[in-house]
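J.: Here are the chains, one letter per residue:
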Amino acid sequence: MRTLLTGNYAVAEAVKLSRAKVIAAYPITPQTTIVEKLAEMVEKGELDAEFIRVESEHSALAAVYGAAIAGRRAFTATSSHGLLYMYEMVWWVANARVPLVMAMVTRTIGPPWNIHTDHTDLLTMRDSGWIISMAENVQEAFDLTIQGFRISEEVDLPFTVGLDAFQLSHTAEVVEVPDQQEVDEWLPERRQSYKVLPGNAVTIGNIGPNEYTAKLRYAMAKAIEDSRKVIEKADNSFGEKFGRKYGGLVEEYRLEGAEYVVVMAGAWCGDAKDAIDRLRDEGLPIGMMKIRYFRPFPKEEIKRLEGKEVLVVDRAFSMGYMGIFGMEVSSVIGDVTNVIAGIGGVDVGVEDFEAMFRKFASRKLQRLEWWPREVFS
Amino acid sequence: MSLPMESILLPGNPACQGCPHALGLRALSVLENVVLVVPAGCTTIISGVHPKASFSVPVLHVPFASAVAVASGLAAAYKQEGVEANVVVWMGDGAADIGFATISGAAVRNEDIIVVVSDNEAYMNTGIQSSGTTFWKAKTTTSPGGKSEEKKDLAGIMLMHRIPYVATASVGYLQDFVNKLRRVSEIRGFRFIHLHSPCPPGWRFDSSKTVEIARLAVKSGAWILWEYDGRFRISSPSKPYKDETKRVPLEEYIKTQGRFRGLSGEDIEEIKKKVEEQWKFVLTMEKTFK
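Residue numbers (the working numbering), protein chains in the order written: chain A, 90 to 466; chain B, 129 to 418.
Worth flagging that the hints you see were computed from the coordinates, not collected in a lab.
There may be inaccurate statements among the hints.
[Claimed, not checked] Reference excerpt, derived from the structure (chain A facing chain B, CB under 8 Å, subset only): (1) VAL143; (2) ALA156; (3) ILE158; (4) GLY160; (5) TRP181; (6) HIS259; (7) ALA261; (8) PRO277; (9) PRO287; (10) ASN289; (11) ILE293; (12) ASN299; (13) GLY328; (14) GLU329.
For glycine and all other residues, C-beta sits at the position ideal for the given N, C-alpha and C.
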């Protein structure tokens, strides 16, 4: 069925079709409408799930952890300060190897208070062991949410879907929504390595020898490494079933014959693609490698960009160094040009990208540049 | 005493000598289908070192402030799956301080869980730091001159949440605690027990005296046993002490513990006033919820 949905409602629809059984959430702008929609679905009996109205984000992820470790498909969503408030649990659920899905509507971090998008919040999850995906449009947010349950449950690691505040969360787009039977055919019943059930006298999370912690982290590192194949497989089979295949960890856009390559992630990729189209029309050999998964990091894919001029456009900055994507990409292929833009939701449109890429191709960008200059002068 | 013969806490566990938690945890054995949720604290240690474990029931160790929320998630999942379970959070006063919003939130939602705060009146696992429930004037490593702040009445606050069941209990009166747990197993919804747990190293008394000191707390009126399940009743062990003249002098309780060493007569008078206020509160509740 083709229907008009905002990013947040699309995520809620995907959670429903994935038959989540326990949802716990605390509202935060711009995530709120995801869980409002889910609460409504539960109340109306459209979704057979328990909805726990917790008192904080820390408790939201804690409750979801409890439900997931008891063996049920569980979901929560948050944003910005909500993520930071639940940060302890972010690490705990990953280290406990419990499959679950969380939507992360990206929003800048205060002060000052600001509800608009940048990617700083999501990227604080980088080292925690979550599989971190980022959507470009509402359809991709929907698809990633369903895929997230399957991928998470195959590798026993939590999965997050990043979607930009307002640009996706509150923007309605036409979305292809499959029916329940189709989703059931593609998404198997929940599976997980272990469950906590009465009568099963296991002790989880207790103190152990140091080597035990080290062994668990090693196993986790291996699992997230192995998730590359699982993600690719999920992308392929999802493509076969639903006709939408994205390319796995990255999406390549007009890379054939490209000498200039832009690397970026999130909602603004759509505008950047339009800019690329215009420049291509002028004969400039430019393309994009869109990062769909920040973790596991697409290192093999990035490696293919060696020998090309690479511009990384970042919506997050690592204080004291450079853009976060910028430093990650340069760790694979050496020096890159790094533009920091859209921080705190500063609008960056097609014209901006066109101007930025033109400057890049004529080597007029500094190696590290905050965009647009007039904001910072 | 009709205490359970089989204990969910297994012998050979690494609890300190005279540990009150070890007594309280054994009493939990009267509950069926227990799933234990344990935030960081002394019970993390008592649970043993992997690959060994000290409990014969499933135990989920979780971060400090998260325990009651994790329990809410477990209970929701069991409800969804039709699994019969008694999800029990066993926490100390430290977790109750840091996770108080979590306890309050779950109480408001009337989650189908049991929360036992085994209160040794300080953060013992990190080495005796002052907590919200630390006794008036008690010396801890962060209140070396004696606690100057108030003592928070956790069970009283939970009573104000209008949950189905709230009680205080004491490791000195295990039969009373077991009776309360049995009562708890007949009720669904959010159930809260505030268990008084004297700690030998934390309170500085000999490890053979845990029960004796727990009883002195009740006999002197410093700890009052009560129960609320719609009706509020002062529990049998505390009943005689409604009459102030029947109580053991508070000094008898205080002098047994190193944490009160050096208290002045004025300090003791002040504590007596606080204890009197607590009695007034409890007697008022008994009258209000007949």
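J.: Hint by hint, which ones does the structure fall short of?
T.: Violated: hints 6, 7, 8, 12, 13 and 14.
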